[in-house]
Structures are given as C-alpha cells and as structure tokens.
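Please construct the entire structure, taking both the sequences and the accompanying hints into account.
2 protein chains.
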Amino acid sequence: MKTRIGVIGLADRGSGMLGILLGMEDIDIKFICDLNVERLEKAEKVCHEKGNTSVIATTDAEDLFASDEIEAVMIFTSWNAHVPLAIEAMRHGKYAAFEVGPAQNIGQVYDLVKTYEETKVPCMLLENCCYGERELMMKLMIQKGVFGELIHVRGGYMHDLRYLANALETGHERSFHNLYRTGDLYLTHELGPIITWLNINRGNRILNLSSMSTKSIGITEKYASLYPEKPLKFAMGDLTTTMLTCSGGETILLTHNVSNPRPYSRGGQVQGTRGIWMEDKDAIFIEGHREDGKEEWEPVSAFSEYTHPLWKKKEELEGFGHGGMDYLVLRAFLEAVRKRTQTPIDVYDSATMLAVSALSETSVSQGGALQHVPDFTSGRWVVREPMPKSIYSLDEIHEDLFEGETLTL
Amino acid sequence: MKTRIGVIGLADRGSGMLGILLGMEDIDIKFICDLNVERLEKAEKVCHEKGNTSVIATTDAEDLFASDEIEAVMIFTSWNAHVPLAIEAMRHGKYAAFEVGPAQNIGQVYDLVKTYEETKVPCMLLENCCYGERELMMKLMIQKGVFGELIHVRGGYMHDLRYLANALETGHERSFHNLYRTGDLYLTHELGPIITWLNINRGNRILNLSSMSTKSIGITEKYASLYPEKPLKFAMGDLTTTMLTCSGGETILLTHNVSNPRPYSRGGQVQGTRGIWMEDKDAIFIEGHREDGKEEWEPVSAFSEYTHPLWKKKEELEGFGHGGMDYLVLRAFLEAVRKRTQTPIDVYDSATMLAVSALSETSVSQGGALQHVPDFTSGRWVVREPMPKSIYSLDEIHEDLFEGETLTL
Chain A
61 MKTRIGVIGL
71 ADRGSGMLGI
81 LLGMEDIDIK
91 FICDLNVERL
101 EKAEKVCHEK
111 GNTSVIATTD
121 AEDLFASDEI
131 EAVMIFTSWN
141 AHVPLAIEAM
151 RHGKYAAFEV
161 GPAQNIGQVY
171 DLVKTYEETK
181 VPCMLLENCC
191 YGERELMMKL
201 MIQKGVFGEL
211 IHVRGGYMHD
221 LRYLANALET
231 GHERSFHNLY
241 RTGDLYLTHE
251 LGPIITWLNI
261 NRGNRILNLS
271 SMSTKSIGIT
281 EKYASLYPEK
291 PLKFAMGDLT
301 TTMLTCSGGE
311 TILLTHNVSN
321 PRPYSRGGQV
331 QGTRGIWMED
341 KDAIFIEGHR
351 EDGKEEWEPV
361 SAFSEYTHPL
371 WKKKEELEGF
381 GHGGMDYLVL
391 RAFLEAVRKR
401 TQTPIDVYDS
411 ATMLAVSALS
421 ETSVSQGGAL
431 QHVPDFTSGR
441 WVVREPMPKS
451 IYSLDEIHED
461 LFEGETLTL
Chain B
61 MKTRIGVIGL
71 ADRGSGMLGI
81 LLGMEDIDIK
91 FICDLNVERL
101 EKAEKVCHEK
111 GNTSVIATTD
121 AEDLFASDEI
131 EAVMIFTSWN
141 AHVPLAIEAM
151 RHGKYAAFEV
161 GPAQNIGQVY
171 DLVKTYEETK
181 VPCMLLENCC
191 YGERELMMKL
201 MIQKGVFGEL
211 IHVRGGYMHD
221 LRYLANALET
231 GHERSFHNLY
241 RTGDLYLTHE
251 LGPIITWLNI
261 NRGNRILNLS
271 SMSTKSIGIT
281 EKYASLYPEK
291 PLKFAMGDLT
301 TTMLTCSGGE
311 TILLTHNVSN
321 PRPYSRGGQV
331 QGTRGIWMED
341 KDAIFIEGHR
351 EDGKEEWEPV
361 SAFSEYTHPL
371 WKKKEELEGF
381 GHGGMDYLVL
391 RAFLEAVRKR
401 TQTPIDVYDS
411 ATMLAVSALS
421 ETSVSQGGAL
431 QHVPDFTSGR
441 WVVREPMPKS
451 IYSLDEIHED
461 LFEGETLTL
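The listed protein sequences correspond, in order, to chains A and B. Residues in the first sequence are numbered consecutively from 61, following my numbering. Residues in the second sequence are numbered consecutively from 61, following my numbering.
Among the hints, erroneous ones may be present.
Any copy will do: because identical chains look the same in the list, a pair fits if it lies in one copy or spans two.
Listed next, the in silico DSSO-like pairs over lysine-lysine satisfying Cα-Cα at most 30 Å (straight line) [what the hints assert, rightly or not]:
id, residue 1, residue 2
1, K110, K372
2, K293, K275
3, K204, K293
4, K204, K275
The hints are simulated quantities; they were obtained by calculation from the structure and are not laboratory data.
Written out as structure tokens, the structure reads:
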C-alpha cells in the first residue's frame with residue numbers, strides 16, 4: 061500500500077520537493093495546498109502530468125487535517141507557518157514534516173514538544189544536510205572513533221543571497237525576516253548534523269549559547285542599488301557567530317552569513333582528541349594516519365573507506381535536489397510514516413534546532429548575553445531509547461543493514 | 061651611536077632573541093639578566109663569541125633599571141614577570157618591550173597604562189605576527205579597500221603543544237598555567253594583527269567578549285602517558301573560542317587550541333563587504349576579481365601585488381626567527397627607541413591584548429558570560445593622533461617610504 065500524504069506550500073521549495081515526491085512510486089499525494097491559487101493550479105498541472113490525476117488541490121489546510129485519507133502532512137510553507145501547521149497536523153493524528161527555518165519565539169517550540177507528548181504523533185524538521193555526503197561520513201568516522209573523543213565542532217550557512225534583495229518586491233519571505241530581525245535564523249543546515257555528531261538529546265545536551273552579529277551592510281546596499289528611489293535599512297547583521305556549550309564538555313560554533321560576496325560553504329569542522337576535519341580545506345588530519353608521519357593535512361579522499369553506505373550509490377542520487385540530500389531526507393521521513401515508527405530527526409531534535417535560532421536572536425539583541433537552552437526532553441536525554449534501526453538512522457549508523465544486497469532507496 | 065639595551069630572560073625565547081639582537085650592528089647589549097645562573101653564563105658566553113665582551117651579566121634586574129647606560133629593556137621572562145618588569149623599566153625612564161603572553165589579572169593592565177601615562181615612556185608587546193607576511197599583506201589590502209568595509213575577522217593559535225606536557229619536569233612555564241588555568245591565555249599572535257586591521261584604539265574599540273572552553277583532555281592524557289605513576293588533571297580546556305564585538309560594528313573570533321593533534325594554523329580570516337581571505341585555504345575571493353566571474357576562490361598568489369614592501373625582501377628575512385617576523389618586530393621596537401618616538405604597538409594596543417586574555421579567562425569561568433573590555437585610552441581612541449611615520453608603522457602602511465631606494469632593514 062502506498063504512503064498517503066498531503067503537501068502544503070508550493071512556492072519554490074515546495075514545488076521542488078513536490079517534483080521529487082511525484083517521482084516516488086510508493087507515495088500517493090492525496091492533497092496539495094497553497095493559499096496562492098496560481099501556484100496551486102500550477103502544481104496541480106504538474107501532478108496531472110506525472111499521472112496523479114486524483115490529487116485534490118485546496119487553499120484550505122483544514123481539508124488535509126480533516127481527511128482520513130492521509131497519514132502525513134509535509135509543510136513547505138513560509139517560516140512563520142511551519143510550527144503552527146505541524147502542531148495542527150499532529151493534533152489530527154498525522155505525521156508532520158516541515159522545512160528548514162527558525163522558530164519565531166521559544167514558546168512555539170514548547171508548544172510543538174507538548175503537542176508531541178500529548179498526541180505521540182512524530183514530527184520532523186526536514187534537515188536535508190543531516191543526509192549530506194560529508195556529514196554522514198563524519199558521523200560514521202565519529203562513531204568508529206577515528207577522531208577520538210570530540211571536543212569541538214563547527215558549521216555554518218555561508219551563502220551570498222544578496223540576489224534575494226529584490227524579494228521584497230517578489231515576495232520571498234526571507235527578505236522580510238532580514239528586514240526586521242537579526243541573529244542566526246538559518247542554522248539547521250549545520251546544527252542538524254552537529255546534533256547527530258554530538259549525540260545531542262541522547263546522553264548529551266546543549267546548555268548555553270552566546271550570539272553576536274555584525275553591522276548590517278550587504279543587503280541594504282544591494283537593495284539600494286536595485287531601488288535607489290526607496291532605500292531600506294535591513295536589520296539582519298551581515299554575519300552572526302554563535303558559540304554553544306554542551307553538557308558533555310564540547311563546544312559548538314555556528315556562522316550565518318548571507319549578505320556578502322563569498323563562495324558557498326557550510327564551514328564544517330569536527331575536532332577530537334585524535335584529529336580534525338575541515339570542510340573548507342576538504343581535508344582531514346588524524347594522528348598517525350599519514351605514512352610519512354608529517355603534521356600535514358590529507359585530502360578527505362584518503363578516508364573514502366568511511367563513505368556512508370547511502371552515498372556509495374551517489375550516481376543514483378545525483379538527479380535529485382541538492383545532490384541527493386533532499387531525496388534522502390524525504391525517504392527517511394516517509395519510511396517512518398510507512399512503518400509507524402519514530403522519525404530519525406524527532407521532535408526533540410527539531411525543537412533544539414528551532415530553539416537555538418530563537419535564542420540566537422535573543423542573545424544578539426542583548427549584545428551577546430548568555431542564554432540557557434532548554435532541555436525539551438524534560439530529563440529524558442539521560443536515558444533515551446535508541447532510535448528504530450533503519451538505513452536512515454542518525455543516532456547510530458547501522459552498517460549491517462546495508463550488507464549483502466543492493467538497496468532500493 | 062648604537063642603541064643601548066638590556067635583555068632580561070634568557071630561556072628558550074630569550075636566548076633566541078638574544079641571538080638575533082647580537083647580529084644587529086647598531087645595537088649594543090649592555091646587560092643580560094636571568095635569575096638562573098646557568099642560563100646567564102651560557103648567554104654571556106654567546107655574547108663573547110659574537111664579539112660583545114663588555115656585556116654585564118647579572119641575576120638582578122635592578123642593575124638594569126638603575127643603570128644610565130641603557131635606553132631600553134627587553135623582557136623575555138616568564139609570563140608572570142612581563143608586566144611588573146615593564147612597569148619597573150618605564151618608571152626608570154627606559155623603553156620597555158615584552159614578549160607575548162597573557163595578563164594575569166585586569167588590574168595589572170590598568171597599572172601598565174597608568175605607568176605609561178605618568179612617565180610617558182613607551183612600552184610594546186613584541187607581537188611578532190603583526191609583522192607576518194600574510195598579516196601585513198592583509199593590512200595593506202584592507203587599507204586599499206580591497207575587502208570593502210570590514211565586517212568580521214578571525215584568528216587563532218592552533219598549535220599541538222602536547223610535547224610540552226613534560227614541562228612540569230623541565231620547568232616550562234606554559235604547562236604550569238595550563239595545569240591551573242583555562243581560557244585563551246595566548247591570543248596575541250592573532251589579536252595583534254587584528255587590532256591593526258580593525259584600527260582598534262584608533263577610531264574603533266573592542267566592546268565586549270564571550271569566551272567558552274571545552275573540556276580538558278589532550279594535555280592530561282599526554283602527561284598520564286609520560287608519568288603514569290603520578291597523573292595530573294590539567295585545567296586548560298582543549299579548545300577555547302572567544303567572540304568579541306567592536307564599536308565599529310565588526311565582530312572578531314579567536315581560537316586557542318594547543319592540546320590536540322592538528323597541523324599548525326593561525327586560522328586567519330578577513331571578511332568585508334567585497335570579499336574574504338581565509339588562511340586555512342591560503343585563498344581569497346574578491347567580488348569581480350576573477351576573470352571568469354565564477355564564485356570560486358583564488359590562491360593568495362593572485363594578489364601578490366599587495367605584498368607588503370618589507371616582505372619583498374623575503375630572502376633577507378628568512379635567516380631570522382619565525383621566518384623573519386622576529387627580526388622585524390625587534391627592529392620596529394628598536395627604531396622607536398633610537399628615534400625616541402612612540403612604539404608601533406603602543407601601551408594601549410598592548411593593554412587591549414593583555415586585557416582580552418584576562419577577560420577570556422573570566423568569561424570561561426562564568427560559562428561564557430559577557431565581559432566588558434575596558435577602554436584603556438580613556439576616550440582618546442575617538443581622536444587619536446596618527447603614529448609616527450615609519451616603515452614599521454601598523455596604523456597605516458606608508459608605501460611612499462619604500463620608494464626609490466633599497467632599504468637596509
């Protein structure tokens with residue numbers, strides 16, 4: 061039987077994800093939903109073209125929540141709607157998946173957790189980078205102890221998005237947030253994998269953070285160049301750094317920088333008592349690994365034995381969004397829906413990511429003052445059950461699941 | 061007439077610097093001083109071998125302070141003695157230079173500044189990396205506006221010093237500090253150049269900082285492997301990160317990591333509204349610089365036109381300590397002594413560096429709590445006079461001074 065889902069939000073990201081979902085033979089998209097009729101009709105046409113002629117197109121998300129036809133709701137809307145829609149889906153007994161974005165305040169994060177604990181319906185922040193090739197490779201290397209005991213990890217979202225400065229005209233929501241808010245509002249691409257590396261919410265937790273933003277120049281200048289007759293001053297600092305401490309004694313560093321010219325990077329770094337990986341160098345140093353004994357970097361390719369099994373099928377993944385990560389994160393969620401198991405990124409992981417973004421904003425507003433990050437597990441993090449065994453598991457990679465057969469992802 | 065100096069502290073660093081000083085024909089080393097007679101006699105022998113047979117070797121620093129024969133005292137002692145000895149030298153009317161190290165508390169930093177303001181005798185933290193090839197190149201590129209308006213800079217001291225774990229036996233002071241203290245105690249190698257890049261104390265100042273340390277494993281494990289019968293628990297966190305805000309709206313990130321296996325790096329990064337340099341990639345991206353228009357890095361060598369004039373004589377510098385930086389920082393200080401001018405790193409720059417290390421320790425002890433960094437200039441930073449024009453100037457690089465003639469450094 062196919063997994064029956066509804067999709068809400070059909071702008072750029074939603075229509076892209078819809079395209080990937082339509083290619084999955086075991087998925088039945090029962091509903092598509094968007095407030096914008098034009099986008100809705102365009103998506104409906106795409107569904108029809110791909111052979112799904114029974115899809116119901118609606119502008120009212122309540123139609124999805126009320127339906128007995130679907131098992132899960134996938135939310136690709138604007139940031140503000142992610143958590144409220146996920147909560148509503150869970151209240152109606154439907155698995156909820158929602159796209160990357162910040163929490164708008166810490167209260168809604170508590171609400172999300174409370175809804176899960178009342179309903180026991182899983183929800184998942186669809187952090188695709190948890191399934192990135194390098195990120196999964198690092199998880200495997202960490203699990204195998206290659207880095208020794210972890211002490212420090214880094215990541216970031218460094219992406220010149222000044223071209224979106226015209227989005228106040230075209231309606232891209234990120235620009236509205238950038239106009240009024242400052243702090244790290246887009247940190248899950250790095251914090252998602254970091255949570256898996258450090259076993260956050262599973263014997264470890266984030267304790268405190270401090271966050272500092274620079275002045276705001278990049279987007280403001282870009283906007284002024286596009287609309288010299290009506291310049292606007294954007295609030296978003298060009299670059300935000302956030303430091304976090306963990307109960308396990310590790311520290312984390314996050315960087316957000318979307319307003320300045322630079323090559324794209326997620327700035328990953330994993331450092332332990334035996335060695336270090338640095339994404340920006342695409343290099344690793346592990347004590348004793350080099351045959352010549354030199355204290356010099358080696359290319360990551362020298363450690364290809366640690367490629368995650370999912371990425372040994374790289375050529376199959378390349379046709380999908382963001383080099384395959386989008387496909388994998390969707391499959392990870394949909395497998396949990398089909399099996400009625402916990403999602404590999406669960407409500408606590410999702411809440412942690414959401415909370416850190418909201419608290420970054422708080423800390424920046426206080427000049428970098430220390431903020432305590434809540435334990436959303438209410439103490440369960442010290443005695444968590446392992447996640448269900450799956451090829452998509454992120455608490456532990458189960459290499460044995462990949463043995464002996466060719467997988468159909 | 062030769063510049064007449066005294067040298068205090070003749071252990072590893074001091075004897076190395078003494079060797080460089082002995083090679084300078086315009087310098088007369090009148091005194092050498094160390095509490096350790098063995099070290100003192102060894103250094104005296106070296107002086108004699110190099111033709112300085114009139115040097116006075118003493119275990120009493122008061123002999124130097126009381127002498128009318130010397131114009132400057134150069135302090136290469138243990139960290140704890142740097143500031144007290146510098147203060148004593150200034151009180152006796154002698155220029156004071158002292159080696160890299162942390163302040164032990166914020167009070168002694170105020171004392172240093174007060175002594176300068178009472179005596180008007182300059183002092184200088186001998187931060188050699190201010191004269192590093194890359195660091196001076198960045199200063200020149202920044203001055204010429206290549207990076208646009210600066211928003212964020214980074215640096216660090218990432219150097220696997222675990223081999224010093226046996227220093228509790230051999231007496232190397234860093235290990236004693238590492239045994240009892242945690243925080244970034246060794247940040248001047250990056251903060252020195254950063255101060256010059258951001259014009260700190262000259263129209264800009266550091267406002268606040270937050271500092272977080274990881275658990276301490278690296279040195280403790282190394283020590284236990286060397287002395288399994290008497291293991292010790294070192295306090296120094298393996299890695300410390302410090303974020304700082306500036307009144308100009310820039311942020312700074314510093315990293316201290318001396319306890320884990322990794323290739324050496326000072327982790328430099330300069331980022332502005334037009335581009336970015338990253339030391340670990342040895343690469344630069346400047347908007348519009350690539351002929352192919354790609355959003356990809358270029359090697360630093362593509363910007364060799366910005367090599368600082370001092371480093372165009374690289375082959376002459378290579379014979380000296382740390383690839384020439386030691387020679388340059390010594391010459392910079394000695395030129396100021398000879399000309400009776402302000403030192404290019406002045407008491408306020410030195411105080412800022414010292415204070416940040418002490419406040420990093422404070423912040424770490426409070427879990428990362430925000431610390432205010434004092435304005436040691438007492439407001440003068442908003443109206444500072446330019447520094448004396450010199451080939452060693454760090455507030456501004458004067459390329460015209462290098463025109464037309466071959467310099468003798």
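query = Going back to the hint list, which numbers does this structure go against?
reply = none
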